[in-house]
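Peer 1: Please work from the sequences and hints to get the whole structure.
Protein chains in written order, with my numbering: chain A, 1 to 305; chain B, 306 to 850; chain C, 851 to 1189; chain D, 1190 to 1534; chain E, 1535 to 1869.
Don't read these hints as lab results, they were simulated from the structure. Note that the structure is predicted; figures quoted are calculated from it, not measured. Please note that a few of the clues may not be correct.
Stated by the list, open to error - Partial chain E-side listing against chain A, Cβ under 10 Å, derived:
#1 P1694
#2 F1726
#3 L1763
#4 V1795
#5 I1810
#6 L1847
#7 I1848
Said to hold, decoys possible - If you want the footprint, here are the derived chain D segments under chain A, 3+ residues with CB under 8 Å:
#8 1254 to 1260
#9 1297 to 1309
#10 1312 to 1326
Glycine residues also receive a C-beta, built at the ideal position from the N, C-alpha and C atoms.
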Amino acid sequence: MTDTPLEPVAKDTSARSQWWDVWDQFKTHKGALFGAAVFLFIVLAVTLGPLVWTIEPTFIDIRARNSGPSLAHPFGTDQLGRDIMARMMAGGQVSIAVGLTAMAISVLLGTLIGVVSGFFRRLDGVLMGLTDLFLALPLLPLLLVMVMLFRETLSRSFGPEMGTFILIVSAIGITSWMQTARIVRGEVLALKEREFVLAARSIGTPSRRMILRHILPNVLSPIMVSATLGIATAIITESALSFLGLGFPPDFPTWGRLLFDAIDYLQQYPERVFWPGLAISLTVLSVNYIGDGLRDALDPRIRGR
Amino acid sequence: AERGSDGEVKIIYWQAPSIMNPYLSGGTKDIEAASLVVEPLARFNEKGALVPYLVDEIPTVENGGVAADLTSITWKLKEGLKWSDGTPVTSADAKFTAEYCMAPDGGCAQSAKFDGVESVETPDERTIVVNFTGPKPVPYAAFVGAQSPLIQAAQFKDCLGAKAQECTDANFGPIGTGPFVVTDFKPNDVITMKANDNYRDPAKPAFATLTFKGGGDAASAGRAVLETGEYDYAWNLQLAPDVIAKMAEGGKGTPISGFGTLVERIEMNMTDPSPDLPEGERATAKHPHPILSDERVRRALSMAIDRTLLVEIGYGQAGRPTCNLVPAPELFASDNTDCIAQDVEGAKALLDEAGWTVGADGIREKDGKKFKLLYQTSTNAVRQDFQALIKQWWADIGVETELKNIDGSVFFGGDPASPDTFQKFYADVEMYANNFDGTDPEQYLGQYTCEKAPKPSSQWQGENINRFCDPAYDELVAELGKTGEISKRAEIAKKLNDMLTKDSMTIVPLVDRGRVSAHSNSLGGVVLNTWDSEIWNAADWYRIK
Amino acid sequence: MPDTAMPILDVKGLKTVFRTRGGEVHAVNSVDFDLRPGELLGVVGESGSGKSVTMMSLLRLLPSPPAEMRDGKVMFDGQDLLKISPEELRKIRGSKIGFIFQDPMTSLNPVYTIGFQLAEPLRAHLGMSKAQARTRSVELLQLVGIPDAERRLKDYPHQFSGGMRQRVMIAIALACDPQVLIADEPTTALDVTIQAQIIELVKELRQKLGMAIIWITHDLGVIAGIADRVMVMYAGQVVEEGPVGEIFRDPQHPYTQALLKTVPAVRGPREEKLQVIEGQPPIMHGAPVACSFRNRCQYAFDRCSEENPELRSVSAPGHRAACFLLDKASTPEPEAVNG
Amino acid sequence: MAEVETVAPLVKVRDLKMYFPIHAGLFRTHVGDIKAVDGISFDILPGETLGLVGESGCGKSTVGRSILRLYDVTAGTVEINGFEIAHVDRDSLRSKRPMMQMIFQDPQASLNPRMTVASIIGEPLDEHMKLSSDERLARIYELMDWVGLNREFAKRYPHEFSGGQRQRIGIARALALNPKFIVCDEPIAALDVSIQAQVVNLLEELQERLDLTYLFISHDLSMVRHIADRVAVMYLGRIVEVGSREALFAEPLHPYTQALLSAVPEPDPESERHRKPIVLQGDVPSPSNPPQGCNFSTRCPKVMDICRQIEPAVRDFGEGRQVACHLYSESMQTTAEPTAGDITN
Amino acid sequence: MLTFTFRRLLLAIPTLVLISLIIFLLLDLAPGDPLANQPLSIPPEVRQKMRDALGLDAPAYIRYLLWAKQFFWVEPLVFVDWVIGTNFSEGMQRIVSWQFRSPVFDIIIQRIPQTLWVVGLAYLVGVLIALPIGIISAYKQYSWFDQIGTFVSMIGFSVPPFFSGVLMIVFFAIMLPWFPSIYDTTLVVNDFESFGQQIRQMTLPVMVLALQTTAQLSRFMRASMLDNLNHDYVRTARAKGMTEKVVLLVHVLRNSMIPVVTVIALGVPSIFGGAIITEQIFKVNGLGQLLITAIYANDLPMVQTLAFIFAVLIVLCNLIADVLYGLLDPRIRYD
Ligand SMILES: Nc1ncnc2c1ncn2[C@@H]1O[C@H](COP(=O)(O)OP(=O)(O)OP(=O)(O)O)[C@@H](O)[C@H]1O
Ligand SMILES: Nc1ncnc2c1ncn2[C@@H]1O[C@H](COP(=O)(O)OP(=O)(O)OP(=O)(O)O)[C@@H](O)[C@H]1O
Ligand SMILES: [Mg+2]
Ligand SMILES: [Mg+2]
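Peer 2: In structure tokens, the structure reads:
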């Protein structure tokens, strides 16, 4: 055969992983890039910040209470004289950790259930029934009951803070995976009809490897999008739980808790509302923008353009 | 003034009333809402003194109203009293009220008021004789105070016993003798009332209608009275003092405060709550507390606390530092004020003396045992602030504290299966507030006898939370039960109070918590009463023109 | 067809560019052609050669961004379609120029009935009442050979088969008796038997209604059967143009020649080996500076990579091609084969 | 082709049926079937290419997939290289997989967009052979050479290739396990005319070199004519005519085959002018509700009454030529018209 | 379609029974006591009596069966009686709330008007604002309108209502005393003035709630429009010479509405349960507040019933969404 290899259509760059393409596309989305920068900044601020700003968030300096922003306390102090900046950083760690972990739980659960029910026809009915059931269960009482049921057991095994953390994170995770599961299932159903899955079957690839190799990588983009949305929702949900008195204990700062506590002081010390409010909004906003960018970047149709 | 000439008055309670029958709910919000409609024979005034309401005078031994052997009391209804539906109020109504609350399956929340009542007799239409099973030195419980008003026999006749739960209409709109009548009751939301046409004083109430809104939170209730002026009266503004002060700048209303017997205190566990003990022995008298059994230790812990600062941060106008379990009424209040001044050095010295020496990490230890305490309370912003502050003070004297807070409904829920109730007290120290009804502390102080300690055999029921046990105390309580003379009673009560606080430091009182409410500047006649319903004199309220 | 008639549609120097992330794509490069009344112009070329973009540019149907009409004139009815206001253009679309798209499955709005979609242009352009539009719709459906037209007006697109849908599309395009009908691969998605039905239908309608048609396709067979004139496109340019008989009998451009050879026939002798055109069509970043076919052309020589050949007339009347080979005397022997 | 009679067929399909159940109603009861493949039988000899043609939706792909046991067939047997495929259990099926492979229609859809060329081609190797990574790579390169892909492309992703190249990747994957039999399900339908020829030539060349046997599914009759040795024509789940390429294209017997062939236009204006295609009326009936009698009876230009009543039997004309049509059924041959008339009355 | 609906309804029954059981068991397992909120001064014996009177200590399965009977049998009968004036239900024990000692359904019915007025209206307003925003944002993708829309909706998404609510109160009730901060549930709308008052008192909570609905829905609408704008039929419509308005509002809109309508329908149950925080802040005292106070008060029958009603609503709205989907999209035939 005289056939010489054909010119590739792609640009001349040699073997590039498609993550580079994703990044290339992501870069063109200004909002997403900005969001990523802001989010990175926030994460760095709350994780590395305490190394620089060494005041303990629980340290009470009762003489300096209710003071406004100053050099000693750039964000001011609260009613017990605790440094708000230190509390913001500590709270941010928790809030972001809550956001990330709750999102991870919900995405993992959602993906697992979505993939399994989309892929194995026999389990589909049961699993989708379960999903509907969870969708129909009123979440608030469920959350409440979970908090009430397990708070103590968990605090005993993991310490009060870690216990509450695990509880809240799993409560949020367990009550928010359904949307992801539905989307993923839909995608999987569609993917299953794609010929490359059939091709894998004709090779004799067993289901487990089929899922790992062919299904999961291809449902990544809706999962990513659910994930970014999930972080935002989890942070907001945690703050709403604080409002309802079900979140972290009052002596354990999170952004939601700080915001809630500051609301009574809205008129005297508006800055106290401002900081956590800004932090939450910025985080949610930046994560949302990242999600937007990722959605574009992961969609081959858009990326190809 | 003329009845109904001042239009509408609006009251906001951030806890919404769920029922208008005080016999089916012990909740303050419910009792106070009901107090606008149903009335007792006599009430306590703002000073804690009894004042006649539906009777002309308070029966006493002196005026013959109370039998000399203290086994009966005779009330005489006012002439011409009418229910709001126009029918006359008779002694039969009182007899019925007693039957209603004493019926076995009725689940009456106020049945303690009728403790020791043997029978109620009605020699005539206006005379009510309450017979007691034995001598009763303080016979003013049944039909006295907002908790035990008269209800109309005609309205509730089918609601005795188990049926009490089903009489929704009656429970939501009781017929009473008070200044207002319910026109519409929306549970947990809003009650609308209008002036009672048959109220005994033809000039009162000044308001034609009354709206009693419930729900939300203290802050927004405060705002509605102090800042926007939408409401005339807001109840129990449990807010940080500076928040209230800021709201008051709004200029629409005035915060008012009053003090009763509610004391925020730290209770010391006299028994060992260690989880290593077998269930059933944990936190029982069998194992005294390894650290707190020493009186010096308890005293040192108390000395480390700056109560004045606690008040300033947590309650402001609505609190004052106290060292007493019974801070009021004046007659019964001990003059113990030793604890008010913080004394960190003294506390340290005391601990040194007790053999607790400062270890390498700054934490005291004795015989290789670290001074570590578990400090629990219910979940509530102010309490957590207190916990944080006290933890720091205790850290200053070398005590490590682990903080824990438990949801109020569990903490106070009394479920014997839960490890987290305040009765079980699976912690070293705990903090909450308690008070007593009326003005006589006998029953309140009587809670600290040995036998009232919660224990497995009593399903963890019992009021002697710290398992305090002193035979001398028990004896003194018994003596109080036999003493009728008021000054003598006061003397014994003070002594009991001091045994629990000043002498043994079993109970470490922190703050005498009063109440802050607020009324609009145009609402006149408000007299805050902490001994009875807070809005006890709503009949006297009027609009300042 | 009368060569003398004034062209009804005259396209000069049409240039369409897509601005994309990867740079500009010059999808259509200085395309000239005309269409005479009653004539059927076939347009062929492989995928991506710019056939659809050319035709959609005429009516400015491309979304912009990314599309941009850089240059050119599209004279229709004395007006330049690229210059007139959107409102004037809208009045021409669907009434004077009808359009049939490639994919009958997606080109109809799935949530409206056929009747509704048929009546829309009638009511918009001809101002018909509901009832008039309905009568006319029935006529149209009968015209394109849909049985039981009255009843089928109430059906939704998904209730029709692919062939039927394409008939509906044709009916919509014909609704206002357009002077020009542009059919963009109307049969590519269909089976041969259905394709045969549609082709028969168009032939018939053309005789009845006498409009000018532009018919885009990949399939040289289809063109051979129906076209009067053929235009061959490659990489956004017209490489050859001429009467159908000429093109098939005596193709001048190497691309046309190769194209004709790659297709095996159902009838006649069977080739042992299929001819192939090696390589891929180029991506058109930037205006062409050289012959875009040179990389795949077996006759390519130096000049091909230096200059872009223009369309020039070939001996036969109306036959034009864009290839330097035509200049090299008339000796067709490929002496300067590229090494 | 004359001596083929003596050779044992590589693929033997007997009375294959593939029904897709339809569930409906309150309790999702089984109310009917889509009879995508409704009883077909054929053989493919070693080294031969059988072309399978027919209109869209007539069940061509379903046949291909059922033969490879990508569906659990409803009835019938499939024997490949002497092994029964249609009803064996999963494990032994898996061990038979290397023997039979498939090339798909859509080169875009049949390649996982998130795998590199090397991993796509290597997947069957990972599944069925225990190779060291060097051996594996060597094999991948060998395969890429076979299909004419530059080895440098091994690390690239499918979207970086043109359609023709993608189809080559798919072919390489199918060849990885040294199959004997390959089902080509419209391998060129999605490609441009100029590219089609490249792929077809490649397939032919590989067949020669590796001694492959193809089932070549297509609706492009001219390509089938080019590549297939024998051709089977399907209509609505059944095979209506089978024959050697020459015979079938020269003289189609079944009215459907005739119509099909006549509908193909030819790139020659002269002959086009004279071609009179048999234009079929109407659409293909739904496979869930096929007409009574002959499936083609609703559109057949030569329909007789009997066609609407009785399903025509397959008649063997020798030399592998088979037709299922009442026009040629033995009993009808002479007395077709009168009998048909009798039946209607 | 009809069979489909029936089928779904049938399937919903076991789901609902399961849900009711799960809710019951979960709530029953939860620690806490309906009497926890009673003052400490009430002695334990009295507490015990109150517990007995409420029937709190009966075994769980008996309470569940009793509840089930009351919910599925007695309450429907009461409803029948109320509608046609019979008295089948006389003497039957209805589901009685522990905090109110009153049939829970009476209270629920009392709460429905304010919930519908405020939360329902907010939802409606949110939807009505969101749709045009979504449409314009999609049509003018990446224009300044689109960018601002994105930004605002993300703000709406990221601000918890307990924050925006209080902010609104401080601005519009205290600093600029335009609107009341407390919702008056007793207001009867019978003339122009009271109507104005009703509007005024609804403004703030509706604004807070609508912001959230708008934020989410407009994003969704935009995505759906964008999706459809690329479809071939849009080009067909343009080629037919339709005006842009027709193309957008007739052709694209209806197709884009198909998924959006489902989302809207599925959001309806949240009207009843989801506005808890906003209700609390403005003291609207609707169903959300009823639920949360019942939870705090451990009023098991009330929580159980409300939770179950929400579950029914959710299941029902799911069904409605599916049916709507089928109606809007002729391609879907559910049989
Ligand atoms: N929206 C777009 N953005 C960027 N490039 C485009 C766009 N639409 C078309 N193109 C490019 O324009 C060129 C011509 O495309 P066009 O659709 O006209 O080809 P065609 O000849 O109609 O092909 P086919 O036969 O496949 O329909 C192609 O190279 C294509 O990539
Ligand atoms: N998984 C399936 N479930 C239900 N019906 C199916 C399934 N796969 C195919 N069918 C139906 O079976 C029939 C035959 O389909 P098949 O894909 O085999 O046709 P085909 O001849 O390959 O058509 P094409 O040329 O369009 O590829 C069609 O009517 C199709 O709708
Ligand atoms: Mg095209
Ligand atoms: Mg197929």
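Peer 1: Taking the numbered hints from earlier one at a time, note which ones the structure violates and give those numbers from smallest to largest.
Peer 2: 2, 3, 4
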